[in-house]
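The listed protein sequences correspond, in order, to chains A and B. When you line the first sequence up against my numbering, it's residues 17 to 132, in that order. When you line the second sequence up against my numbering, it's residues 1040 to 1153, in that order.
Just so you know, not all the hints are guaranteed correct.
[Claimed, not checked] 27 angstroms max Cα-Cα, derived DSSO-like pairs, lysine-lysine:
#1 B:K1109 to A:K27
#2 A:K73 to A:K87
#3 A:K73 to B:K1075
Note that these hints are calculated values from the structure, not bench results. Source: prediction; values computed, not measured.
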Amino acid sequence: DTGVSQDPRHKITKRGQNVTFRCDPISEHNRLYWYRQTLGQGPEFLTYFQNEAQLEKSRLLSDRFSAERPKGSFSTLEIQRTEQGDSAMYLCASSSTTAGGGDTQYFGPGTRLTVL
Amino acid sequence: GEDVEQSLFLSVREGDSSVINCTYTDSSSTYLYWYKQEPGAGLQLLTYIFSNMDMKQDQRLTVLLNKKDKHLSLRIADTQTGDSAIYFCAERDGIKAAGNKLTFGGGTRVLVKP
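Could you build all of it, start to finish, from the sequences and the hints given here?
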């Protein structure tokens, strides 16, 4: 059983560049979530999808951030004009509303972004 | 808004029991979770409890929920060095039909000494 995968695992970029991260959820999971975790803190919710529909966005998700899940499977998170404050671990999670287990979220290994 | 609080640090001797505590403010929480995070890694689900339960046991893990006091705890029996990690408590808001986000505490760093 393949878990949630994320690519790349690490990304170093210069301030002002655009970056894109990919998340592949557990197969057949219809919900997909993005969280951001800064050093020493717990993860904070950014956005989530049910199938291809983006149902909720946090106020943390500024205009420079955009997320898509075009076919209801994998998702991408793009950050435009990166700033040093964007440096964080970006975590993806998926869940199923149809399987048992209370719609529990399973997390991927994360993408660590460093903005120089 | 929702708030989840945890103590920052716990030191325990190998073989002893660990108890990690968490308090939350959202009275509409439906599920409460415990995740484990090792350095540089993602979050590993340990266990969860539905809000109408007050206890759940899963091998070495025991979760206690006091809904009146909004207090959640995780007990790890016979703590091993491999249990050294950061443990996060999280709650899920039950009110909004589409609101499925988790709100996390700041994490408790557990250090197991041999």
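Outcome of the hint check:
no.: 1; hint: B:K1109 to A:K27; verdict: violated, 39 angstroms
no.: 2; hint: A:K73 to A:K87; verdict: holds, 19 angstroms
no.: 3; hint: A:K73 to B:K1075; verdict: holds, 25 angstroms
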